[in-house]
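2 protein chains.
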Amino acid sequence: MKEKQQNILIIGAGLCGSLLALRLGQRGYNVAVYEMRPDLRKVDISAGRSINLAFSNRGNKAMKLVGIEDKVKALCIPMNGRMIHDKKGNTYLSNYSGRKHEYINSISRGELNGLLLTEAEKHKNVSIYFNKKCKSVDFKKTTALFQDYKTKDEFVEDADIIIATDGAGSAMRKSYYLGKKFLFSFSQDYLTHGYKELTILPKKNGDYKIYKNALHIWPRGSFMLIALPNLDGSFTVTLFLSYDEGEYNFNNLTTEKKVLEFFLKEFPDALTLMPNLVNYFFKNPTSPLGTVKCYPWHYKGNTLLMGDAAHAIVPFYGQGMNASFEDVVEFDKVLDKNLESWEATFNTYEKTRKKDTDAIADLAIDNFHEMKDHVAKTVFQEKRKLEMALEENFPNEYSSKYALVTFNEDIGYREAMLKGRAQDKAILNLLSDGKIDLKEDLKIILKKVKQETEAILEDDRIVRLK
Amino acid sequence: MKEKQQNILIIGAGLCGSLLALRLGQRGYNVAVYEMRPDLRKVDISAGRSINLAFSNRGNKAMKLVGIEDKVKALCIPMNGRMIHDKKGNTYLSNYSGRKHEYINSISRGELNGLLLTEAEKHKNVSIYFNKKCKSVDFKKTTALFQDYKTKDEFVEDADIIIATDGAGSAMRKSYYLGKKFLFSFSQDYLTHGYKELTILPKKNGDYKIYKNALHIWPRGSFMLIALPNLDGSFTVTLFLSYDEGEYNFNNLTTEKKVLEFFLKEFPDALTLMPNLVNYFFKNPTSPLGTVKCYPWHYKGNTLLMGDAAHAIVPFYGQGMNASFEDVVEFDKVLDKNLESWEATFNTYEKTRKKDTDAIADLAIDNFHEMKDHVAKTVFQEKRKLEMALEENFPNEYSSKYALVTFNEDIGYREAMLKGRAQDKAILNLLSDGKIDLKEDLKIILKKVKQETEAILEDDRIVRLK
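Keeping their order, the protein sequence lines are chains C and L. Each residue of the first sequence is one higher than the one before, starting from 1 at the first, in full-length UniProt numbering. Each residue of the second sequence is one higher than the one before, starting from 1 at the first, in full-length UniProt numbering.
It is worth saying that the hints were derived from the structure and are not from the lab. Treat each hint with caution, since some may be false.
Since the list gives no way to pick one copy over another, a pair counts as held whenever it fits inside one copy or between any two copies.
To be verified - Derived SDA-like pairs (lysine to any residue); straight-line CA-CA distance at most 25 Å:
#1 K435 x K447
#2 K450 x E409
#3 K180 x A422
#4 K73 x L446
#5 K64 x D153
#6 K439 x I462
#7 K419 x S287
#8 K61 x F186
#9 K88 x G246
#10 K283 x I45
#11 K265 x T192
#12 K174 x K450
#13 K71 x I128
#14 K385 x V259
#15 K73 x R109
#16 K439 x E266
#17 K152 x Q26
#18 K293 x S242
#19 K180 x G89
#20 K447 x D70
#21 K88 x F184
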């Protein structure tokens, strides 16, 4: 079925779509990509979207697949851990791993997307069209309706298959939902919190105002501020805050005075770093945080959802882009199987992949509570210190949940979640029951943690009656 | 705010809507109910909807509230337990509780709905209009657009508040979703299984062909058949089966021969009871099984979703109708508080109620696996026997998860779920680790179960870092 002359239409040239176009181009397919925005290499369209992102092993695996690992590395700023800022301005660095080579990176969305577009366009069999907005997809006919942003003309494109990588607000997913031609499970879940981006500018000499190689967090229980470094010496700062709960919230932070009062009380050191705070606060939009899940992703052998269009997640595990890139790696693996039809290909991909994207969606919600709240708690800090020590001393025998999710790209998110959650529970319970003495031989602690983890997993297996 | 002259528009006169109309009528409000179907007291409209339902304590609490407990009792057939049918036709009765007064009932949807409509219409301040289909709701203006089924004329009704009890396919919920005027979390999740209704007719003398006072189950691991008694001596039988997985499924049961082969192999005793099987099989529709959750349910002080419109669940806990009736009881409690506005009333109702309807939705999915599969497994049967003995011997000290959910109407579904799941896990783990000897003194077993349950709940509390 998959003669290379097959025409593949991709909707959306964001991070996932441009990587997919590049990979399918490398495989020899005729690829046409339609993107609703202008070419971000020519026009600044950063407003309203996150400016920088966390990039880690799963994403990097995809970069290796398409052979641009080195080019991407040049765009990366390593972040070795979380720098936690308390209310008094004290800071505390908590590494992401006890293994030195395990860290995440801050990367510019625009730069990376631009690189992927440029690499994709090097293939003669790949064409990218900008300013063409998808209005709907006729998944039975395998056609998509587009509107040209400038002329407002509408036109229909057809293809052998259509893959929609058009993000959390996917037009094709909407067509699945509204079409009611098959049982389409779908969810959109908003957090009660929204987010707003702010900026810490560089020093006059271009240096970073705070430690460059960390993801900075100001955890305050029910809300938080974070900051990720950019190559130009600035930090992109994000405030995560409830829309309508608590003393200060997005709905009542309506005056300069109140915003300053809030930051002075909760984030005094961050306020000092952002003399421009109020300007950004009122200029930048407040955006919602949502999780989208759906099933099935494909319709017969005609259409397939990938990336955020299939599984949008909240940003708290730093895995959104990495998960979408991993989609392409996993899809590529299925293509290698040379199955008898696109339907079989889509089916196989979706059956193996869905459990993992569900898992990372749930992990990302967990991490919201961890980042804004738990990281500031003693028992959690004890757990993290212990895990660092275990990873450092037994690098081949222990990986924390964070490491399993972030640095172990050869196991799926679901496996990482199940094992990681059991480990967390084991350590917290052992600590809280006084069954671990932190002065004990680490080898004995490791043994206890492993035994308790296995007991927890076994108890859960029994309850599932398997 | 709540002068009794307030006009309340209810969309949908199903079980929830007619009970709500009755209760609000009793409270003195002006109530207008619009229902898309004809009056079921005059026209048979059972096709495609479940004919009988499980009715239990939570539902009965609502009947007490509106003073029609005795009238409803006359419609009930008690079911004391599950009668399990194995492949050889052996049967095995597993009671729902060790306490004799705890049982569920089979009740006719049509009869009960008719009774509620008649009781509601006794109030001069309640009007019910049939054959008026709601097309959409303008929740900002508090108006609803209807179409008359016969004349096809469209008309708009306004009211002080609108409450939509228009079921799983709610028009108002769709208006919330498509309106995009606020952050609306929404999910529809379909099982891979569908269902089809069949019938066991009475004997020629009108007697029941199988034991009357049980819910019959033919569990077969990945699919099942169930039967609930009707007052006329018949049983309504439901086949739950995958659409497309397994050797036999709804998509491949397309010929009389194959249907008979399937039943002969899997349900030989049921086949004997249904000489008419094939007729019903091909006459009756195959329907999907879905869970709907959403949030928020209300828009300001204008509109509110209740019943299946807010939280449709799969039928496996027998709690769908009971949960919707309980909605009315809980809403009534909030009305008693005499809050300052409808917005405060809706807000308070939704904040307390949502956690419980989420819980029963999840419990109902759990019970799908329990009914089709676990009930046939030895360890599960041991657990149930032990629970019966505990309930019988310590009626005030032990209630199983099933009893907590079904017979303990004074605790919420969420509390029942958390405690019930911990108990299940405790017993299964104690049994499987050989830590309970079934010949032991029951008092000792009870103590062990309680200790283990508390330990599990405590471990979970620690992990939530509270």
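Hint check:
{"no.": "1", "hint": "K435 x K447", "result": "both (12 Å within a copy, 24 Å between copies)"}
{"no.": "2", "hint": "K450 x E409", "result": "within (22 Å within a copy, 42 Å between copies)"}
{"no.": "3", "hint": "K180 x A422", "result": "neither (39 Å within a copy, 39 Å between copies)"}
{"no.": "4", "hint": "K73 x L446", "result": "neither (34 Å within a copy, 61 Å between copies)"}
{"no.": "5", "hint": "K64 x D153", "result": "neither (40 Å within a copy, 63 Å between copies)"}
{"no.": "6", "hint": "K439 x I462", "result": "between (34 Å within a copy, 22 Å between copies)"}
{"no.": "7", "hint": "K419 x S287", "result": "neither (33 Å within a copy, 37 Å between copies)"}
{"no.": "8", "hint": "K61 x F186", "result": "neither (29 Å within a copy, 34 Å between copies)"}
{"no.": "9", "hint": "K88 x G246", "result": "within (21 Å within a copy, 62 Å between copies)"}
{"no.": "10", "hint": "K283 x I45", "result": "within (15 Å within a copy, 57 Å between copies)"}
{"no.": "11", "hint": "K265 x T192", "result": "within (22 Å within a copy, 52 Å between copies)"}
{"no.": "12", "hint": "K174 x K450", "result": "neither (45 Å within a copy, 49 Å between copies)"}
{"no.": "13", "hint": "K71 x I128", "result": "within (21 Å within a copy, 70 Å between copies)"}
{"no.": "14", "hint": "K385 x V259", "result": "neither (35 Å within a copy, 62 Å between copies)"}
{"no.": "15", "hint": "K73 x R109", "result": "within (13 Å within a copy, 65 Å between copies)"}
{"no.": "16", "hint": "K439 x E266", "result": "neither (35 Å within a copy, 61 Å between copies)"}
{"no.": "17", "hint": "K152 x Q26", "result": "neither (33 Å within a copy, 57 Å between copies)"}
{"no.": "18", "hint": "K293 x S242", "result": "both (23 Å within a copy, 22 Å between copies)"}
{"no.": "19", "hint": "K180 x G89", "result": "neither (54 Å within a copy, 41 Å between copies)"}
{"no.": "20", "hint": "K447 x D70", "result": "neither (39 Å within a copy, 63 Å between copies)"}
{"no.": "21", "hint": "K88 x F184", "result": "neither (50 Å within a copy, 38 Å between copies)"}
Hint compliance for this structure: hints 3, 4, 5, 7, 8, 12, 14, 16, 17, 19, 20, 21 are not met, and every other hint is.
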